[in-house]
Amino acid sequence: MYKVTRVLTLSEGADAAALIQDLAATARNSRRVLDWALAPTLPEANAAGDYIWRLHFANEAGARAWAAGDGLEAHAIMNDPTRVRHVNSGGYVSGRVGSKQTLTRGIYRLLFISLDEAASATDVAQFEYETYEMGLYIPSIVQWRISRISEGSGTGSWTHMWEQEYENLDGLLKTYMLHPHHWAWINRWYDPECAEHIVQTVCQSFCRFDSNTF
Amino acid sequence: MSEPGKEMIYYLDHLIAQPGRAEELLRFYMSEYVPQAKLRGLALVHRWVTPPLWLREQSNELFVIWSVQGVQAWWDATRHRRADPSFLGFWKEAQPMIVSRRRLFLSDVDDVDSLNNV
Chain A
1 MYKVTRVLTL SEGADAAALI QDLAATARNS RRVLDWALAP TLPEANAAGD
51 YIWRLHFANE AGARAWAAGD GLEAHAIMND PTRVRHVNSG GYVSGRVGSK
101 QTLTRGIYRL LFISLDEAAS ATDVAQFEYE TYEMGLYIPS IVQWRISRIS
151 EGSGTGSWTH MWEQEYENLD GLLKTYMLHP HHWAWINRWY DPECAEHIVQ
201 TVCQSFCRFD SNTF
Chain B
215 MSEPGKEMIY YLDHLIAQPG RAEELLRFYM SEYVPQAKLR GLALVHRWVT
265 PPLWLREQSN ELFVIWSVQG VQAWWDATRH RRADPSFLGF WKEAQPMIVS
315 RRRLFLSDVD DVDSLNNV
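Protein sequence lines correspond, in order, to chains A and B. If you're matching positions, the first sequence starts at 1 in our numbering and goes up one per residue. If you're matching positions, the second sequence starts at 215 in our numbering and goes up one per residue.
For reference, chain A alone in the conformation it holds in the complex:
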């Protein structure tokens, strides 16, 4: 499975309803798009952007075929400065997934991550493992996935996508933030004062979902 995930920030005065309808049509009308979700971000805790758009394809070739066909209209919309001010985007083969149960509604949260290109392969592998491991230790993470981004753009040179699903917002804003695996363990990769620091930039956002599109 190949995924393209985007966080869109709309231009001031843009007609959000029309834009969402137009973007959705480019996915709905394409046989290349196996599944998709387009949802407004939540205002809590400085979630980035206004909308999260997730597209699922059979493989990277399918994503490229969509981009060269039905997706051309989406590309034009996202590059129209009167409608969209900024886009963070990542394309990736689905990475390691963990799941405790399947949710049909809840909170979807993503984190675009840019790792230092000088980071060793050993450190990158350890970072990926520990990121995956968060789902095993933190009870509120219900489904989770860490993937390597093969094609990214936006405010960072995105290398990884860290996605999680929660039953509710407390699971993210309280349990996830307060659990020691987060602040006392994996944090060292993100903290510039720690010797292990390799995370250069992040962009986090989250939204509600009401169908199983993980």
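Hints listed in this document are in silico derivations from the structure and should not be mistaken for laboratory results. What you are looking at is a predicted structure, and each value in this text was computed from that prediction instead of being measured. Keep in mind that a hint or two might mislead.
Here are the simulated EDC-like cross-link-like pairs (lysine to aspartate or glutamate), alpha carbons at most 16 Å apart as the crow flies [as the list claims (entries may be wrong)]: (1) B/306 to A/196; (2) B/252 to B/290; (3) A/174 to B/290; (4) B/220 to B/324; (5) B/306 to B/217; (6) A/100 to A/133; (7) B/220 to B/322; (8) B/252 to B/227; (9) B/306 to A/193; (10) B/220 to B/327; (11) B/306 to A/191; (12) A/100 to A/167.
Place chain B on chain A using the hints.
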């Protein structure tokens, strides 16, 4: 065992000094890092050295321990530290005096259950 949310969280800076430079490194840490860290909500708890003499030809190891009360205070201090470039400036300037360093976050073992019950 502490009241939930009030557990003491410790930072440990473990510094291996360049041979003969541990005392100089500690002085620099005390003058340049400590005042900023205290302003950001951290309390200095211990400054330990091994062995307890200033080696001239080999490396001393320094263990500087800080505390904050509660995970929320830990996040507050972390956000303040990350927003203040002077902390990174300190480590860059101190680097010639350091062989290696590691920062660890710790708690009393009696608080592990409480800290994980979130």
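Results for each hint:
1. Between residue 306 of chain B and residue 196 of chain A the CA atoms are separated by roughly 15 Å; this keeps the pair inside 16 Å, and the hint holds.
2. For the proposed pair residue 252 of chain B and residue 290 of chain B, the alpha carbon gap of about 13 Å is at most 16 Å, so the pair holds.
3. Using a Cα cut-off of 16 Å, the hinted pair residue 174 of chain A and residue 290 of chain B holds, with the two alpha carbons roughly 14 Å apart.
4. At roughly 13 Å between alpha-carbon atoms, residue 220 of chain B and residue 324 of chain B fall within 16 Å of each other, so this suggested pair holds.
5. Using a Cα cut-off of 16 Å, the hinted pair residue 306 of chain B and residue 217 of chain B is violated, with the two alpha carbons roughly 38 Å apart.
6. The straight-line distance between the Cα atoms of residue 100 of chain A and residue 133 of chain A is roughly 13 Å, inside the 16 Å bound, and the hint therefore holds.
7. Distance check on the hinted pair: residue 220 of chain B and residue 322 of chain B sit about 12 Å apart at the alpha-carbon level, within 16 Å; holds.
8. A hinted pair counts as satisfied when its Cα atoms are at most 16 Å apart, and residue 252 of chain B with residue 227 of chain B qualifies at roughly 15 Å.
9. Note on residue 306 of chain B and residue 193 of chain A: the hinted pairing holds, with a Cα-Cα distance of about 10 Å set against a maximum of 16 Å.
10. Straight-line distance between C-alpha atoms of residue 220 of chain B and residue 327 of chain B comes to about 13 Å, which keeps the hinted pair within the 16 Å bound.
11. Restraint check: the Cα-Cα separation between residue 306 of chain B and residue 191 of chain A comes to about 15 Å, which is no more than 16 Å; the hinted pair holds.
12. Between residue 100 of chain A and residue 167 of chain A, the direct Cα distance comes to roughly 11 Å. Compliance with the 16 Å bound is thereby established for this hinted pair.
In summary, the structure is inconsistent with hint 5 from the numbered list given earlier, while agreeing with all the others.
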